Structures are given as structure tokens and as C-alpha cells.
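Given chain E, put chain C in place with the hints provided.
Protein chains: 2
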Amino acid sequence: MNDLSIHVLDKLVADLGDIPVVTDPKVVRRRSRDFFWYSPVLNEQLDGKSADLIVAPRDENDVIATVATCARHRVPVTVRAGGTGNYGQAVPLEGGVLFDVTALTGIEWIKPGILRVEAGAKLNAIDAELQGHGSELRMHPSTKRTATIGGFVAGGSGGIGSVTYGGLREPGNILAARVVTVEEEPRIIELRGDAAQKINRTYGTTGIITALEMPLAPAWKWIDLVVVFDEFLEAASFGYDAALADGIIKKVLAPITWPLPSYFGALRPYCPEGKSILIAMIAEPSLESFKALLGARGTITLETPTDDSPGQVPLYEYTWNHTTLQVLKTDRSVTYLQCLYPHDRLMEKIVEMRKLFPDEVLQHLEFIRFNGRVTCSGLPVVRYRGVDRLNEIIRLHEECEVYIANPHVYTVEDGSRYKRVDADQLGFKHEVDPHGLLNPGKMRSFVTARP
Amino acid sequence: MNDLSIHVLDKLVADLGDIPVVTDPKVVRRRSRDFFWYSPVLNEQLDGKSADLIVAPRDENDVIATVATCARHRVPVTVRAGGTGNYGQAVPLEGGVLFDVTALTGIEWIKPGILRVEAGAKLNAIDAELQGHGSELRMHPSTKRTATIGGFVAGGSGGIGSVTYGGLREPGNILAARVVTVEEEPRIIELRGDAAQKINRTYGTTGIITALEMPLAPAWKWIDLVVVFDEFLEAASFGYDAALADGIIKKVLAPITWPLPSYFGALRPYCPEGKSILIAMIAEPSLESFKALLGARGTITLETPTDDSPGQVPLYEYTWNHTTLQVLKTDRSVTYLQCLYPHDRLMEKIVEMRKLFPDEVLQHLEFIRFNGRVTCSGLPVVRYRGVDRLNEIIRLHEECEVYIANPHVYTVEDGSRYKRVDADQLGFKHEVDPHGLLNPGKMRSFVTARP
Chain E
1 MNDLSIHVLD
11 KLVADLGDIP
21 VVTDPKVVRR
31 RSRDFFWYSP
41 VLNEQLDGKS
51 ADLIVAPRDE
61 NDVIATVATC
71 ARHRVPVTVR
81 AGGTGNYGQA
91 VPLEGGVLFD
101 VTALTGIEWI
111 KPGILRVEAG
121 AKLNAIDAEL
131 QGHGSELRMH
141 PSTKRTATIG
151 GFVAGGSGGI
161 GSVTYGGLRE
171 PGNILAARVV
181 TVEEEPRIIE
191 LRGDAAQKIN
201 RTYGTTGIIT
211 ALEMPLAPAW
221 KWIDLVVVFD
231 EFLEAASFGY
241 DAALADGIIK
251 KVLAPITWPL
261 PSYFGALRPY
271 CPEGKSILIA
281 MIAEPSLESF
291 KALLGARGTI
301 TLETPTDDSP
311 GQVPLYEYTW
321 NHTTLQVLKT
331 DRSVTYLQCL
341 YPHDRLMEKI
351 VEMRKLFPDE
361 VLQHLEFIRF
371 NGRVTCSGLP
381 VVRYRGVDRL
391 NEIIRLHEEC
401 EVYIANPHVY
411 TVEDGSRYKR
421 VDADQLGFKH
431 EVDPHGLLNP
441 GKMRSFVTAR
451 P
Chain C
1 MNDLSIHVLD
11 KLVADLGDIP
21 VVTDPKVVRR
31 RSRDFFWYSP
41 VLNEQLDGKS
51 ADLIVAPRDE
61 NDVIATVATC
71 ARHRVPVTVR
81 AGGTGNYGQA
91 VPLEGGVLFD
101 VTALTGIEWI
111 KPGILRVEAG
121 AKLNAIDAEL
131 QGHGSELRMH
141 PSTKRTATIG
151 GFVAGGSGGI
161 GSVTYGGLRE
171 PGNILAARVV
181 TVEEEPRIIE
191 LRGDAAQKIN
201 RTYGTTGIIT
211 ALEMPLAPAW
221 KWIDLVVVFD
231 EFLEAASFGY
241 DAALADGIIK
251 KVLAPITWPL
261 PSYFGALRPY
271 CPEGKSILIA
281 MIAEPSLESF
291 KALLGARGTI
301 TLETPTDDSP
311 GQVPLYEYTW
321 NHTTLQVLKT
331 DRSVTYLQCL
341 YPHDRLMEKI
351 VEMRKLFPDE
361 VLQHLEFIRF
371 NGRVTCSGLP
381 VVRYRGVDRL
391 NEIIRLHEEC
401 EVYIANPHVY
411 TVEDGSRYKR
421 VDADQLGFKH
431 EVDPHGLLNP
441 GKMRSFVTAR
451 P
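Residue numbers (my numbering), protein chains in the order written: chain E, 1 to 451; chain C, 1 to 451.
Isolated chain E (complex conformation) (with noise of 0.2 Å):
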């Protein structure tokens, strides 16, 4: 399967001791999968792609012992923990090992304002720990009940919260990581302020995370809401209006276009029949001004206090890139798309995109702020005709000044595109990891003349 030899591998495990080993096929195969089946291209060709075994780290020690053999052994490291994301982050190309750290969950401190946390911190235990101190984190994907701190910070890019405080990228939305080397003499590296973006959105290759220090936000009473408009153009410009209001507190303001809601489950029943809807998280103090702005323009079906509680399905699991995964469930020949709308021309190129692709490209926004500008990031629903058909709406859409973050590529330079950031990465992972162990195959400029 890989060119490791048995041999090599025996050598490894033997090295590593008492540290953790899962060595069962079936077991290594399934967590070296993540959601890039969202996908159809990247299903082609991540399907089977598989470590050879998982490393299951009890902490920063069993880190450090871990990579120095790997290192020794020239033997690629794949870090993953919930293995949430979509882009084949956690899929190791090259076999090796998956780096499962999941038991790396401690908090080491909570200040006013700020979490120091270990990274496979899982956000929804995070979250229910800092409610005693009044606090949350800023921002959290849709994956948020699964999804682990370090998982969201090395793959992801914003979500929930977005809103109000822009993405990842955005200045002091990432105060601090330290990150493990992979090498024979592992160091241990503390990443501060600009030098922290060093590992925002590289899929675990520029080191190994091991802890990330994070700004929180007051933890309002949130209320979840379903709005619901005639047409799907007076939920994008109703959701634009409270983006803009700087008065009301949301964490997520999600248009979503008819017929997009009519596979959503357990929420149809507030989802009237041919009606587009928003959905909206909205800080409680707010609620009244909220329905102030919204008047007469737009009907709410469903208003809940906010619910991530073990067996609980919060609203924002039918936002983000969990619109998607709803419609996946019954339809399987869909896929989507990631795009960023200029801010200046917000409802404009809404409208131009709306009428380019009537049918086959399903509109889903999310408001966000971007570089301070509020704007819409788009998750829409692609009806999938194949790869040839799929590059050429991107195309249409570049054309358009519509950019996208392609979905459907695994590797950091290709995927990311206005996501990046501005930060030397490959520089950085030329220091951290001489030997292009981590995650080798995704960070595509890397080269290295691997022994």
C-alpha cells in the first residue's frame, strides 16, 4: 500500500513503547477519513487513502517522543482529531502515521478574555467550560459538537461568529500556538501574535499544534430563529440589513434559498413550502430590535434559545457547511461550492449569480466580516454534472469577481485561496519539519530532498 516497509514500521512501534498504538486495519482506515467526500472529485481520489497506523498521544510528552521516532524513522506524521473537515485535511496521501490527538484536551488557564487550551479540545467542551466564566469562543464551524480547537484553527476558517468578528485570519482572532517540530530533537516552538498565523489553515503541515491560545467573546443568551421571505432575494437583503446593524449582537445570519430548506428534516416543519429562509442566532438583549428591523418583511417560524446540549440539534448545524450536509443526506448527486462576494457590489453580484445558474447553483449565504468589511461568504449547492461543468462555474464565477475557495482540491495553495493568510508558511515549514513528514502531499510548493 505505502513504501514504508513492515520493517520500518515494526522498528517504530517498538520505539514508541507505552505510547498508544491502534494497529487494526479497519480501525486505522475509517479515522483516516474526513467529510472530503462532500466531494465527488476529491472522493476519486482520497478514497482508500489510509495510514498504516494510529499514534494516539496521552500528552505533550508522548508528542514529542512520538515525532523524534517518526523523524528518525523518516515516517510521515498526519496529525487528526474530530476529522470533521471537507477538504482531505486529515487524509494521509503517503500512509505513515495518523496522529490521533484527541487526549490533548486540557485547558491550562482561562483569563478575562482569553483561553489557553490544549488542541485536541473538543469546541462544545470548551464552550461549556468557559460558560462559568461568562465567556465563549468567538467563532466555531458548524461542526462545533464534534470538532476539536486545533482541528478548527490548522483546517478551518470561520463560521459561527463570523459575523461579527471576520474569520481566523482576521488580527487577534489567533493570539498564540505553540507547535512541536518534527524532528530527531524535537523543539518546542511558541508562535505569537502575526508569527501565530504561521499554522492558521495549513492542514497540520507546519508543525504539530499543541496547544492554541484563543480570545473569547461574552457568552450571550443566543436565540435561534428561522425567518422566512417570499423570495430569496428579500432574505439576502434583510440579512444584509442586520449584518450591517452594529447595534444588534448575532453570531449567524444565513439566507438559504428554496429549495434547499425541503431537505431539511427535522426543521421542515418551520420551513414553509416554496419559501426561501434566513437563519439567525441572535444575542437575546437584541431579540426586540431584531424583529424591529425585520417588520413586516419576513415571518419567524421558529424562536429558540439556542441548544448545543448533548442530543441536542442546534440551528447552526443547517448552516455553514451543514447546509450541505443536509441536503447530502437525501441526495447524494450534490455537491458545493465556497465562495466570497465583493463587499462593495454585495447584492449586485447576488442577484448576477442567482441568475447565471437559475437551478443548478442552489444560493446559500453566510454574512460575515472580511478584512472589516461586512460581505457574504457562499456555500451554494451545486447540482454536480460532472468535473469538466464544476471548473467551468468556478470559472463563471471568477469571471464574475465572485472568488472562490475550491472545494474540491486537497491541498493548501490550490484550496485556500483568499483564505490565506499573510505569513510565511512554507518558509516556516522548512524549519519545523526539515524532512516534509507532516501531511506530506498538501502543502504542494513544499520540497525537500527527502532521504
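Just so you know, these hints were derived from the structure itself, not from any lab.
Honestly, I wouldn't trust all of these hints.
Simulated restraints on C-beta separations [said to hold, decoys possible]:
id: 1; chain 1: C; residue 1: 296; chain 2: E; residue 2: 304; range: 45 to 53 Å
id: 2; chain 1: C; residue 1: 105; chain 2: E; residue 2: 133; range: 27 to 35 Å
id: 3; chain 1: E; residue 1: 112; chain 2: C; residue 2: 20; range: 37 to 45 Å
id: 4; chain 1: E; residue 1: 389; chain 2: C; residue 2: 221; range: 27 to 35 Å
id: 5; chain 1: C; residue 1: 133; chain 2: E; residue 2: 17; range: 50 to 58 Å
id: 6; chain 1: E; residue 1: 398; chain 2: C; residue 2: 310; range: 34 to 42 Å
id: 7; chain 1: E; residue 1: 304; chain 2: C; residue 2: 132; range: 44 to 52 Å
id: 8; chain 1: C; residue 1: 272; chain 2: E; residue 2: 413; range: 44 to 52 Å
id: 9; chain 1: C; residue 1: 347; chain 2: E; residue 2: 386; range: 28 to 36 Å
id: 10; chain 1: C; residue 1: 297; chain 2: E; residue 2: 342; range: 22 to 30 Å
id: 11; chain 1: C; residue 1: 133; chain 2: E; residue 2: 125; range: 48 to 56 Å
Covered by chain C, according to a simulated footprint, are these stretches of chain E (three or more residues, beta-carbon under 8 Å) [claimed, not checked]:
id: 12; segment: 44-54
id: 13; segment: 372-385
Only part of the chain C face toward chain E is listed, based on derived beta-carbon distances under 8 Å [unchecked claim]:
id: 14; residue: 131
id: 15; residue: 133
id: 16; residue: 192
id: 17; residue: 243
id: 18; residue: 246
id: 19; residue: 247
id: 20; residue: 248
id: 21; residue: 259
id: 22; residue: 284
id: 23; residue: 293
id: 24; residue: 342
id: 25; residue: 344
id: 26; residue: 345
id: 27; residue: 369
As the structure is a computational prediction, the values presented were derived from the model and not from experiment.
Note that beta-carbon positions come from the ideal geometry of N, C-alpha and C, so glycine has one too.
Quick look at chain C alone, frame taken from chain E:
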């Protein structure tokens, strides 16, 4: 002095019973003034204007009894609290009663994110009380240590905090107001949501505000910073970047051109000769990110926790219209303007205005959010060369699409301009003040058949 006969005033006082009244002309004249003298134009027009007496209600029942009596006798009522306004808001043009509401200071309740408070409560007293709840007001004027919440809403527009939340006019920044009508049988009206905008910036002409419901912000530990730049445009440009950084929590970002800091008294040691400065208030957890964004672009000369406890002069008393006051303390030959820069050509217009009036209009900007966009309010210090030149400067600004809210006029209509809210304030005035007794002359478009 006015056309109210001594006879009427005597009857009024008699009817007021035990409600506190001040008739000492020296006290009445002194308290009939506000800070309109920043404007040489208003100073000429309003100097000497005075009420006939002061009435100081102890509670809302006193308010109702007083206005009923005033309505019966057709005596004008001009509400006055801290008297910190700059537009002559609190100056009675037609004598009558100066209505001192500073005894109405009760906090009715505090809930998560919302405060209900009587109109005469001082802003610094409110914030001191809120501290224990981990909250604070979203915004306040630079006169926070003496101004009241009612005066801020009736006369102000925004201030420290508006870089994050926008002004009072943005949806969600005033939740509700309770007003008493000026009629023989006064009514109490609760204005909620959009309706609360009917008392926003109407100088007390649209009902007596007795209570306000205001949204709250988390009470961060704020850090006062002075950052020094070789060139003003560098201060403005960095301020813009910081204003756009949604991950950095801030309360004020004020670029101020040299030579204005040369007038800054106690702050002078932190303001090197010939250098322009940026005054900032940054939440402590965001301080490191703020400094990373600054890099080597400027030099921090002051960094200290915000302290506006009694006896302390907080840094924000060098921002907003306190910047002007700092200069006026030693140079009475200057005045100021209030500008709104267009958000989509901000830096370009700042450069343009700078070239147009190099030594005459000394730039002082305040980053704000306006309709959801980051832009600047300008409060430049103007070397005064007469009213004709002042009006020419205003005209030249507006020709360049830098809009002016003229602080050299005393009517709501002439002064507010872009600060106006979308509410039928005139219609509401007819409803709550049928005899036109509230601060007569200030709402110019109001005409009534006052017998």
C-alpha cells in the same frame, strides 16, 4: 427679559407646591448655559439667554405635576441635566422653566445586556454600578464624568464606543424610552424599538424623557494608549487598519494632527514636538494583537489602564469634542466642525481635506461605524476667521462629499443633517407637546398656534 409676566410665574411657583424651585437670577442664568461657546456664532446668538426659574423634580410624579402646571400656564419648559452639550440644546430661548432632571438617577433594573435607568443618571455613575455586573454602556460622550444618559440621548449622537457599535441612531442602540407629555393632563408614553428614535437628538423637544432602556456591552479592562507617528496620514492609516480589525476589541481610535497635541496640557509629555498622534482605547486581551498590527509603524508613548474614577482625567478626555476643549483652554480663537467622511473613499478624502486647508482646519478624526461601515467622524479644530469663511469651509467640505453636521446652529433641523434618524419626530412633537412649550425654537419646523 421675556414675555412671561411676573404674575404668571408667581402663580406657577405657587402651584408647584413643595417641588424644589430656584429663582436666584445668578444661579438661573449660569445653569441656563451649556458649552455652546465652542462656537463663536452660537456664542453671539445665545449669550444672555436664560430661563426665569429652575424647577428640580425629585421624581417622576414631580415631573408630571410640574409639566401639568406649566401646560396650564403656558410656560415653556427646557430640560437640562449635565449641561455638557455644544449646540445650545439646554439653553432656553424663550425663558420659562429650566427643568433640572438630575435628581432622577434611579436604576430601575439591570438584566443581562440591558439596563433600565432614569434619565438624570450620570453616565459615570451608571458605568460604576454596571461594573459589578460585568457590563458597561456601549458608548458615551467624552463628557462621561458629568453628562447624563438622558442628555446624551437627547443631545448626543455617539462617541467613545461608536468605533464598535456605531452611533445611537443605529438599530439596537436605544431599546426604549419613557416620556411624559406636556399637557394639562400629562400622559406617560413608552416608546419601544424604532419608536424610541423619536426622542433621539431632539434636544428635549419631543417629550420629557424620564427613563431609558439601553443595551450593554461587556466591561473589558480598557487600556489607554497614545501612539506617535511622524506623519498624520500614517496615524490615520494605521487607525483605519485597527478600526477594520474585527478581532481587536476597541473603544476609541482618534488620529490627531500636530500641532493639536501641543495644547494637551498634562498629556503633553507623551506627545513629542512635531508629531501627530493616535489616541486609542483597546481591551486588554486585544493589546498584544494591537501592538502586532502596529509593528514599527508608530511608537507607543503612553500605555495605562483607563481610569475615570473621581479625580482622574481619563485619556478619552482628549478625544471627541474634548480635543477641541483642550485647545480652547489656551486658544480661544479656534472653533470646530463635525464631519462625516464617505466610507468608500475615506483615506482619499482625508488627504483631500488636508490639502484644501493645510493650516486652517487642523484634522482630528474619530473612527466610527456608520450604517455598518467603518468611516471617520471628523472634529477638526478650525482657526476662526469669521462666519463667512466658516460657512465657506463648510461648503467646500460638502462639495467634496465630506458632510457637515453644523455645530454653529442651534436648531435640530439645521444642525443634525446626517445624524438625523428615520422617525417622525415632528409628528410626535405635535402629539406630546401640543402647546409647543418644550424647548421652543429648537425644532424649527414645528409651528403651533400657541395662545
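How the hints compare with the structure:
Against the hinted window of 45 to 53 Å, the Cβ-Cβ separation of residue 296 (chain C) and residue 304 (chain E) comes to about 50 Å, which satisfies the hint. Between residue 105 (chain C) and residue 133 (chain E), the C-beta spacing of about 32 Å keeps the proposed range 27 to 35 Å intact. A beta carbon spacing of about 44 Å between residue 112 (chain E) and residue 20 (chain C) agrees with the range 37 to 45 Å that was offered as a hint. Our hint of 27 to 35 Å for residue 389 (chain E) and residue 221 (chain C) is violated, since their Cβ atoms are close to 55 Å apart.
At about 53 Å, the CB distance of residue 133 (chain C) to residue 17 (chain E) agrees with the hint of 50 to 58 Å. Range check, residue 398 (chain E) to residue 310 (chain C): about 60 Å between beta-carbon atoms, so the 34 to 42 Å window is missed. The supplied range of 44 to 52 Å is broken by residue 304 (chain E) and residue 132 (chain C), whose beta-carbon atoms lie about 31 Å from each other. Checked against the hint of 44 to 52 Å, the pair residue 272 (chain C) and residue 413 (chain E) passes, with Cβ atoms roughly 45 Å apart.
At roughly 46 Å, the beta-carbon separation of residue 347 (chain C) and residue 386 (chain E) lies outside the given 28 to 36 Å, and the hint is violated. The hint said 22 to 30 Å for the Cβ distance between residue 297 (chain C) and residue 342 (chain E), and at roughly 27 Å that hint holds. For residue 133 (chain C) and residue 125 (chain E), the hinted distance range of 48 to 56 Å is not satisfied, since their beta carbons lie about 27 Å from each other. Figure legend: the segment 44-54 of chain E, annotated as covered by chain C; annotation inconsistent (0 residues with Cβ-Cβ distances under 8 Å, at least 3 required).
Only when three residues or more bring their CB closer than 8 Å to a CB of chain C does the claim for the segment 372-385 of chain E stand; here the count is 3, and the claim holds. Of the supplied interface hints, the one on residue 131 (chain C) is violated, with its beta-carbon coming no nearer than about 13 Å to a beta-carbon of chain E, more than 8 Å. Checking residue 133 (chain C) against chain E by beta carbon gives a least distance of about 10 Å; that is not within 8 Å, so the hint is violated. Against a cut-off of 8 Å between C-beta atoms, the interface hint on residue 192 (chain C) holds, since the closest Cβ of chain E lies about 7 Å away.
With a least beta-carbon distance of about 7 Å to chain E, the hint placing residue 243 (chain C) at the interface is held under the 8 Å criterion. A hinted interface residue such as residue 246 (chain C) counts as satisfied when its beta carbon comes closer than 8 Å to some beta carbon of chain E; here the least separation is about 4 Å, so the hint holds. Because the beta carbon of residue 247 (chain C) sits about 3 Å from the nearest beta carbon in chain E, less than 8 Å, this interface hint is met. Because the beta carbon of residue 248 (chain C) sits about 4 Å from the nearest beta carbon in chain E, less than 8 Å, this interface hint is met.
Hint status for residue 259 (chain C): violated, given a least beta-carbon distance of 30 Å to chain E, over 8 Å. Interface restraint check for residue 284 (chain C): the shortest CB-CB distance to chain E comes to about 7 Å, inside 8 Å, so the restraint holds. Interface hint status for residue 293 (chain C): upheld, as the beta-carbon distance to the closest one in chain E is roughly 5 Å, under 8 Å. A cut of 8 Å between beta carbons decides the hint on residue 342 (chain C): the least distance to chain E is about 12 Å, and the hint is violated.
The restraint placing residue 344 (chain C) at the interface with chain E holds, with a minimum CB-CB distance near 7 Å, inside the 8 Å limit. Violation of the interface hint for residue 345 (chain C) is found here, the shortest Cβ-Cβ separation to chain E being roughly 11 Å, above the 8 Å cut-off. Residue-level restraint check for residue 369 (chain C) holds (minimum Cβ-Cβ distance to chain E is 5 Å; threshold 8 Å).
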